[in-house]
Amino acid sequence: MAATVHPLGTKREPSLDALMSLVASDMNGVNAVILERMQSKVALIPELAGHLIAGGGKRMRPMLTLACANLLGYPGTRHHKLAAAVEFIHTATLLHDDVVDGSGMRRGKRTANLIWGNPASVLVGDFLFSRAFELMVEDGSLRVLRILSHASAVIAEGEVEQLTAQRRIDTGEDQYLAIIGAKTAALFAAACRVAPVVAEASEDEELALESYGKNLGIAFQLTDDVIDYASDAATMGKGVGDDFRDGKMTLPVILAYARGNDPDRKFWQAAITGERVTDADLAHAIKLMRSTDALADTVEHARRYGRRAIDALAVFPASKAKAALIEAVEFAIARAY
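Take the sequence shown: its position 248, counted from the start at 1, is 248 in this note's numbering, and no numbers get skipped.
Do not take every clue at face value.
With a Cα cut of at most 30 angstroms, we get these calculated BS3-like pairs of lysine-lysine [claimed, not checked]:
hint : residue 1 : residue 2
1    : Lys58     : Lys322
2    : Lys41     : Lys109
3    : Lys109    : Lys58
4    : Lys287    : Lys109
Keep in mind the hints are simulated off the structure, nothing from the lab.
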């Protein structure tokens, strides 16, 4: 596909305001479902789940489900439960990720695993996954169930693949793109694809929105890779350089390692295996990334996937929903600046 540039047409910074305004009414319905279904007679479950669910996340994935339904002119409310299921899946993966990574910060707050411990975080994550599947079954569509259940499996595969690639300096660009295509983009794609199923749209429209979501998800994750090295804790909502200290082979590391000279490559080998993880080492890593254009080229990769996402919307006529979905792509990439 020949990607084209789609400027917003204004000088203002791209944001999610248009998307949030578009789906505000529907989002009230989704939030009601989330609040109802996160309840349990076991008090720790809503307490721990609420810590993350009410913790300031943008809820971008469920908003995409709602916006895609709006794009298709869907008048019903089935997508409310499905958007809630998408958010539960996402929240469950975050709870599990923080345990796996040993994270202490999420969205600028202490992580649930730090407050309540790893066992409780894993089990409440399992509870939210179960709630998500209850909502899918209640919808009654086998196609919806197939899309979201498959996405859940793919996400888990991506997380395991990332774990096996951790601290492995020989991880290549293709392997990493496959990992983020699974662990991040799969849920973006599924969140967008269920809307045309509910709206009984054409197969072309269904595939177009799946492509939009997948490419947006990859662009979103690539931008996160950059932010981890080029931002601060207040912006990122977690510790700066967490990926570096965890030995994660993200694209900026892969590019900087491939382009470095022998001393640079020896530094990266030591850093990724956990031998060079001080603040000074992080500063040196960022210096190497800048000198090799690894950060700039990762942003360019994100732009390329962003253009693919926007091009996927070409089958739809101009509308407020389409404009909001386009700006969501612009926002995902602009976060790197």
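Results of checking the hints against the structure:
1. With a C-alpha separation of about 19 angstroms, the suggested pairing of Lys58 with Lys322 holds against the 30 angstroms cut-off.
2. Simply put, Lys41 and Lys109 have alpha-carbon atoms about 26 angstroms apart, close enough for the 30 angstroms limit, and the pair holds.
3. Annotation: proposed proximity of Lys109 to Lys58 holds, straight-line Cα distance about 15 angstroms (limit 30 angstroms).
4. As the CA atoms of Lys287 and Lys109 are separated by approximately 28 angstroms, the hinted pair is consistent with the 30 angstroms bound.
Of the hints listed earlier, there is not a single one the structure fails to meet.
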